[in-house]
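Peer 1: Letter by letter, the chains look like this.
2 protein chains.
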Amino acid sequence: MHFRIRAATKEDCKDISRMIMELAVYEKMPDQVKISHEELERDGFSQNPFFECLVAEVPEEHKSEGGFTVVGYALYFYTYSTWKGPSVYLEDLYVMPEYRGNGIGKGLLCKVAEVGKKKQCVRLQLSVLNWNTPSRDFYAAKGAQDLTVSEGWHFIRFEGQSLDDLANEAPKD
Amino acid sequence: MHFRIRAATKEDCKDISRMIMELAVYEKMPDQVKISHEELERDGFSQNPFFECLVAEVPEEHKSEGGFTVVGYALYFYTYSTWKGPSVYLEDLYVMPEYRGNGIGKGLLCKVAEVGKKKQCVRLQLSVLNWNTPSRDFYAAKGAQDLTVSEGWHFIRFEGQSLDDLANEAPKD
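Line by line, the protein sequences are chains A and B. Heads up: the first sequence is residues 1 to 173, going by UniProt numbering. Heads up: the second sequence is residues 1 to 173, going by UniProt numbering.
Since the hints were derived computationally from the structure, they do not count as laboratory data. Any given hint could turn out to be false.
A pair counts as met if it fits within one copy or between any two copies, since identical chains are not told apart.
[Unchecked claim] Simulated crosslink set (DSS-like; lysine-lysine; CA at most 30 Å straight-line):
| id | residue 1 | residue 2 |
| --- | --- | --- |
| 1 | LYS118 | LYS14 |
| 2 | LYS118 | LYS10 |
| 3 | LYS10 | LYS28 |
| 4 | LYS119 | LYS14 |
The following block holds chain A by itself, in its conformation from the complex (with noise of 0.2 Å):
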């Protein structure tokens, strides 16, 4: 099947929001999606944008049942690694299920590393769940490692309150 890999823009922002909970469902997390199309447009698409994103995109004639083009999408961002340099971290890569096994998601997994590179990008990281041996295994067969499994990283994380508290006792300047 045909299909276009573009950067997104503004106007694609209701097409990846409804892609995010779809992904969302997928990780068995539903409840956890609180940003609208409306905070994507203005968190990627304003000044110093948090993100970027690509977009696939099929022709007309092979829109979805629900009549969508846009059928798939990859959210990404830049880190730092203090002892490599720049990386670029995929947070989502996501294909709508109709349109799996077409190369769509190899189409954006690499043109995310395509744009990495020209970035001087070292690495591309991501993260992905214990369960999905689906995407453990693409990424293993496309040559990724597991660093949770070789080397023992944890993902830690502080939110809401915890979050807050921290803030709270913050040395005054």
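Given chain A, put chain B in place with the hints provided.
Peer 2: This is chain B only, laid out in the frame that chain A set:
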């Protein structure tokens, strides 16, 4: 002991670079550090910096055995959750061994939380090695969640040849 936490400047990069190496030695991977202080200056202190950094400074009369007054640092950048919005990621938090136990590490952590909250961040995230129980306990005591344990998130990384391979397979525009 009196200490002051302030935003790092370009002139601090030699000190930061020295402490990055000290932290890598503690993490048992000193041969992984490829970033020089010149690269830190370029990546963090030019237009569109990849990171921000705070340093902890002690008065001249408390300088270290090696003669240093910059004795700790916290290096961080902004990330984005498509579920919750802007987040701050603490890449490195380090205090020189002879200055530990004075609240400097906690001060740096809280200051990063405060900076993040000012930027509307809803999360502060970081990674820690499995065997590093002092750090894991420190974060847990402050209310952090270990997402690798509670939700099963794994870190995945492409670098070197596997990253080049991806980029080379990117679909042409």
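Peer 1: Now tell me, hint by hint, if it's right for this structure.
Peer 2: Going through the hints against the structure:
{"no.": "1", "hint": "LYS118 with LYS14", "in the structure": "both (28 Å within a copy, 27 Å between copies)"}
{"no.": "2", "hint": "LYS118 with LYS10", "in the structure": "both (23 Å within a copy, 25 Å between copies)"}
{"no.": "3", "hint": "LYS10 with LYS28", "in the structure": "within (28 Å within a copy, 45 Å between copies)"}
{"no.": "4", "hint": "LYS119 with LYS14", "in the structure": "both (28 Å within a copy, 24 Å between copies)"}
The structure fails none of the hints (numbered hints given earlier).
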